[in-house]
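A.B. asks: Got chain A sorted already, so can you dock chains B and C onto it with the hints?
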Amino acid sequence: MKSKKSLLFTALVLLGVFGSAIHGFAQEEAVAAAVEAAAPDEDYLALKTQYGETFDFFTTSVLWTLIAAGLVFIMHLGFATLETGLTRSKNSVNILFKNVFIICMGLLTYAVWGFNAMYPGWEGSGFFAMGSPLTMEAYGNTDFSYGGTALAMTGWADFIFQAMFAATAATIVSGAVAERIKLGSFMVIGTLLVMFLYPMSGSWKWGAGWLDGMGFYDFAGSTLVHAFGGFAALAAVIVLGPRKGKYLEGGRIRPILGHSMPLATIGVFLLFLGWFGFNGGSVLSANPEGISFVFVTTALAAAAGGFSSIFFSWILLKKPDLSMALNGILAGLVGITAGADSVTLWSSVVIGLIAGVLVVISILFFDKIKIDDPVGAISVHGVCGIWGTLAVGLPFFNGGNEDLSFFTQLIGTLSVAIFAFVGTFILCIIVKALMGIRVSAEEEDEGLDIGEHGQEAYPDFAPASR
Amino acid sequence: MKSKKSLLFTALVLLGVFGSAIHGFAQEEAVAAAVEAAAPDEDYLALKTQYGETFDFFTTSVLWTLIAAGLVFIMHLGFATLETGLTRSKNSVNILFKNVFIICMGLLTYAVWGFNAMYPGWEGSGFFAMGSPLTMEAYGNTDFSYGGTALAMTGWADFIFQAMFAATAATIVSGAVAERIKLGSFMVIGTLLVMFLYPMSGSWKWGAGWLDGMGFYDFAGSTLVHAFGGFAALAAVIVLGPRKGKYLEGGRIRPILGHSMPLATIGVFLLFLGWFGFNGGSVLSANPEGISFVFVTTALAAAAGGFSSIFFSWILLKKPDLSMALNGILAGLVGITAGADSVTLWSSVVIGLIAGVLVVISILFFDKIKIDDPVGAISVHGVCGIWGTLAVGLPFFNGGNEDLSFFTQLIGTLSVAIFAFVGTFILCIIVKALMGIRVSAEEEDEGLDIGEHGQEAYPDFAPASR
Amino acid sequence: MKSKKSLLFTALVLLGVFGSAIHGFAQEEAVAAAVEAAAPDEDYLALKTQYGETFDFFTTSVLWTLIAAGLVFIMHLGFATLETGLTRSKNSVNILFKNVFIICMGLLTYAVWGFNAMYPGWEGSGFFAMGSPLTMEAYGNTDFSYGGTALAMTGWADFIFQAMFAATAATIVSGAVAERIKLGSFMVIGTLLVMFLYPMSGSWKWGAGWLDGMGFYDFAGSTLVHAFGGFAALAAVIVLGPRKGKYLEGGRIRPILGHSMPLATIGVFLLFLGWFGFNGGSVLSANPEGISFVFVTTALAAAAGGFSSIFFSWILLKKPDLSMALNGILAGLVGITAGADSVTLWSSVVIGLIAGVLVVISILFFDKIKIDDPVGAISVHGVCGIWGTLAVGLPFFNGGNEDLSFFTQLIGTLSVAIFAFVGTFILCIIVKALMGIRVSAEEEDEGLDIGEHGQEAYPDFAPASR
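Protein chains in written order, with the working numbering: chain A, 87 to 552; chain B, 87 to 552; chain C, 87 to 552.
What the hints contain is simulated information worked out from the structure, not anything from laboratory work.
There could be a bad hint or two in this list.
The list makes no distinction among identical chains, and a pair is therefore deemed to hold if it is satisfied within one copy or across any two copies.
Taking lysine-lysine pairs in the DSBU-like style, the calculated list, with each CA pair at most 35 angstroms apart, reads [as the list claims (entries may be wrong)]:
#1 LYS404 - LYS330
#2 LYS454 - LYS405
#3 LYS134 - LYS454
#4 LYS330 - LYS134
#5 LYS134 - LYS518
#6 LYS518 - LYS405
#7 LYS405 - LYS330
#8 LYS330 - LYS456
#9 LYS332 - LYS134
#10 LYS454 - LYS518
#11 LYS404 - LYS518
For reference, chain A alone in the conformation it holds in the complex (with noise of 0.2 angstroms):
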């Protein structure tokens, strides 16, 4: 190392910098508290005048459901690096290519067609609304006269929230099909599902359509987005079929290895973060109350959910296995999410437990009858998407709340996944009759990074001999 010569120079800019700083030091004397009562901004007032008396809780509602739609944002990361990190090196690059796909057009069909057929203001069934393009005009206005102290915040903010949530739908089905789809079909099958199929039974309920009419409840999405997304994994699943080499003669199961755990882990901590904005922000203002809580129960059912299932699956499985652990965090917070408002203190434990023990038991369960899942999303989304939306309807978890009901919330929860899966089938059923649906199978052995993308992810590593 010749960086004797290196250190002198830097060195002289260290040195420079220090003694400007000592002489910044040297300067600072009591400081005189010279603040004085300023006068009213006219600007301000010129704001307030224009939003009335609630312009300052106004503002910091909007502030709130922003930052949430940016934590939700990250977890599009945190889905990227959980599914690159639980598949085969190669084929990274094919994952991440649909996660960098998905984002860019879950954002643009939202606000072309999505967002106005999600949050129709309904003339109309409950079933089914047009969409149509954001204009300047509906959504520029930023007063609580787009929705009172219930949902405070201009019409942007309530679209880039909602947007954020939307593309998570095809995220959620990205992972279940990996290493085995092709591309072309992948971004034609996300592109309709988050396009049309999402936005429609999304407005069912959030939309003000015939399940909320029923009293169905869904605080932030464990049947709306959780539940759709897992049974449209599902049914793109059974379509496709199974990685080859999963499943073996007389029942042997072959485990495919992640191949990255740091980025898995990665994945996990970021979707846990990205949560506090998808549930937090669901309280559709900064009312200090209902955000402090839901930050609450969401972390504990997530703690719990991690918890119960490193226990279960350590006893199962006799050893301590992380993408149990990974996918009992997940679980815990796809649970939370129907009641993070709404169920008592520790009713939001006992349902990341429960959570934690279901998705143990739900990932064992498809992996027998050969429904293969490489990432665990139909057991973490779709089937503790239901058991979340379920709780809420118990006594035991909502507090003896009367407005909610068991046997409503068991049809909402079907109806949506039902929807999802019946769906999606269809759709998966006439892109694989037009395009194919699946790669080759010396693709699928050479891996789709060098079969659909001409490029490596790890260039510089030598693969493992096996």
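C.D. replies: Relative to the frame of chain A, chains B and C by itself:
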């Protein structure tokens, strides 16, 4: 690549979306400024009546505390990636698993016992308080009656923010004991540490116990969190002993390299980010002067720590060392934590510069005396935690604030450090006797991933031949 | 696995925690709505008296600026991982080290000189102002007197937000000069660039200098940050020359592949996230209409950039290229930065779509003329920075706003780009003469990690044999 057909179909979708966008574009006309003064919303007025005049400030403060909790949460991902990056790939699953366990366990035990043990509302000695589970009643109160303007938050927000801190103690230990501790033993030690030891010494200051009564000052935890964690780590490392092959005959020290410097760097950037919540959230309200000053001192100290550690280690080791640069940033952050709100502006730079030098000396010193700390946690958190706490007591740094005494700071930081050391030492001795604390030599060679988890972190890559 | 004993003991802990939880659950009864109207807190009233009627809006605005600073901070991790991922593993430590250095150095130099040089409160020419260290006095004022409603923040918040921007200039250069620049030389060039050049041209517009006087518009820095960085990078690359083996005889171009596409993708997602702070924070208050509109335009432009770049490069290169998709997103973000607050809704989509096409053409063009830019920084930041700045001047995009002139935009963006190019060129020539700028051919072959740092990024993995 037979991507023509794929491209064709996906292009159709592109056209559709783009076409709709153009459609929307055409529709866009002059935006009518149709916003009228909104009538004060009735729900809002009810909230304002409930919370009183300070409602808007309260709302913003709660929001900030929750976001800060999210930022501290992400520090756990920072620790996980830092520790994983700085150790060998054969132990990565184990380290990730420990970090996943810690956050789950930490949140639950803090809800069940720790929070009430740490903030007891003393009627006792100021040394020890019983904990108890959270209840809906006690923390659901969501007005200023909880803590006035100085603690402007709901009980829920207070809990979740402090819970994120609690798990940090065990995480700091996790890095120091990496690559040789038995998983189950770590889980037991970590749980007892977070559940019982951390809240106890924490209550001495933040729970208004005996150190608080003396006038000890520790803004955000240079002592209560970092020195605590660092000296707990020291005790555990002494009981455990160094990794095999680290200290050779004749006093030679074999460097054991981390396996992924990108992971380690990601960890430090995330910790730096999270520290804005760790320190900024410790203002305990959204007081604009307070939080903005704390952001500045925190950032400058971190930068100064990295800066001085880069050049000091360059001179000492004759090469620009990335690990030292990373630890220098953390040293600066730990150093400023005790006084981020109360030192003068340029003091934060000087505190950071000194911390960056100290951490290099300390890491080399501990290696010399055969205390094997794979990630430098004892130096970063223990040594610089004490440094930062003492600095607050020096008139040179605190601008002559007479409420702060060097002697009191010394008593406070030593009390906590000794308590953490002795407590953890006893804990480790007991665990060692009951269930063993160190993996077998064969398992250490093979790696804990196979030995404890039966799973590799990177099954797709060939190991380097050495 | 002899994990039975471990499981037994850890299960005991589980039981203890779960038992306590059940205990807590049993205790949970109907929550008394015991919240009474709180008496206005005296501390709060003092604050309100101090800051005047606008205190609550001011508080929320300061909070947003600080969070935005945190988001811009995380862009530095985004750049670090993007640049590392898109280059070879033998240079990873070097690239990470540079990025760690830049953020430390950038924050310090901006405190010591840059901030006051960039926002001088001109009494001079509007071309150049002296800098000076921050003082407690000048920035501790924390009321609206600092900047009114349009700059609703404390001096501290203003400083930290702008400081996070400053280091970006050097980071952009860092990627373009990767894999061949001497470390010490880069550190000197980067420091002088951030400390002196960036604040100077920055002051022309944001410091109310001559470009601002002309009516030039650059909302969040398409020109002042990105075109500046991009053209500084171009100058450095020209002085340095291309990497060995990149341009072969007969005009053949050898692709030099990045070593980790997951790292690169993580980088782009983090940059996308950070951009919400970069653009959203540039509103300089929490004005709800302003920040929510900026979030929408920023997200849509990014999505559109990724979208068009995916399909355009697919058609051109006959394969779906992940790197191009990633750079397309960044192109859209850079493109919208100049006008995120002032273009119409669908203009943001069109600006992004065009940026996504431009960046592909530009990357191929620079490769053709043998300007070797490993990460595409010149195209993303330089070319799309100019594009975004010009777009704001076109009536088609700005909705006919007559305050904005294409000609003024052209003068502004070219002035800054030429200044950055010439200034950096001279700097590089001087550094080259004094200490050399390029590593030896042997070091370039071996990798800068060993050559400059004596450390490998991934010592556990076998390199691919090629």
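A.B. asks: At most 35 angstroms between CA atoms: does that hold for LYS134 and LYS454 within a copy, between copies, both, or neither?
C.D. replies: For LYS134 and LYS454, neither the intra-copy (62 angstroms) nor the inter-copy (56 angstroms) Cα distance is at most 35 angstroms.
A.B. asks: Have a look at LYS134 and LYS518 and pick one of within, between, both or neither, based on CA distance no larger than 35 angstroms.
C.D. replies: neither (57 angstroms within a copy, 58 angstroms between copies)
A.B. asks: At 35 angstroms max between alpha carbons, let me know whether LYS404 reaches LYS330 within a copy, between copies, both or neither.
C.D. replies: Both, since 27 angstroms and 27 angstroms are each at most 35 angstroms.
A.B. asks: With identical chains, the pair LYS332 and LYS134 could be close in the same copy or across copies; at 35 angstroms between alpha carbons, which is it: within, between, both, or neither?
C.D. replies: neither (63 angstroms within a copy, 60 angstroms between copies)
A.B. asks: Is the C-alpha distance from LYS454 to LYS405 at most 35 angstroms within one copy, between copies, in both cases, or in neither?
C.D. replies: Within. Shortest intra-copy distance 19 angstroms satisfies the 35 angstroms Cα cut-off; inter-copy 37 angstroms does not.
A.B. asks: Could you place LYS405 and LYS330 in one of the four classes (within, between, both, neither) given a Cα distance threshold of 35 angstroms?
C.D. replies: For LYS405 and LYS330, both the intra-copy (27 angstroms) and inter-copy (25 angstroms) Cα distances are at most 35 angstroms.
A.B. asks: Give the relationship of LYS404 and LYS518 under a CA distance limit of 35 angstroms: within one copy only, between copies only, both, or neither.
C.D. replies: Between. Shortest inter-copy distance 22 angstroms satisfies the 35 angstroms Cα cut-off; intra-copy 41 angstroms does not.
A.B. asks: Tell me, please, which holds for LYS518 and LYS405 at an alpha-carbon limit of 35 angstroms: within, between, both or neither?
C.D. replies: between (40 angstroms within a copy, 21 angstroms between copies)
A.B. asks: For LYS330 vs LYS134, is the C-alpha pair at or below 35 angstroms within one copy, between two copies, both, or neither?
C.D. replies: Neither. Shortest intra-copy (64 angstroms) and inter-copy (62 angstroms) distances fail the 35 angstroms Cα cut-off.
A.B. asks: When no copy is named, should LYS330 and LYS456 be tagged within, between, both, or neither for a Cα gap of at most 35 angstroms?
C.D. replies: Cα proximity of LYS330 and LYS456: one copy only (12 angstroms, versus 44 angstroms across).
A.B. asks: Tell me, please, which holds for LYS454 and LYS518 at an alpha-carbon limit of 35 angstroms: within, between, both or neither?
C.D. replies: within (26 angstroms within a copy, 40 angstroms between copies)
Going down the numbered hints, you'll see the structure goes against 3, 4, 5, 9, while the others check out.
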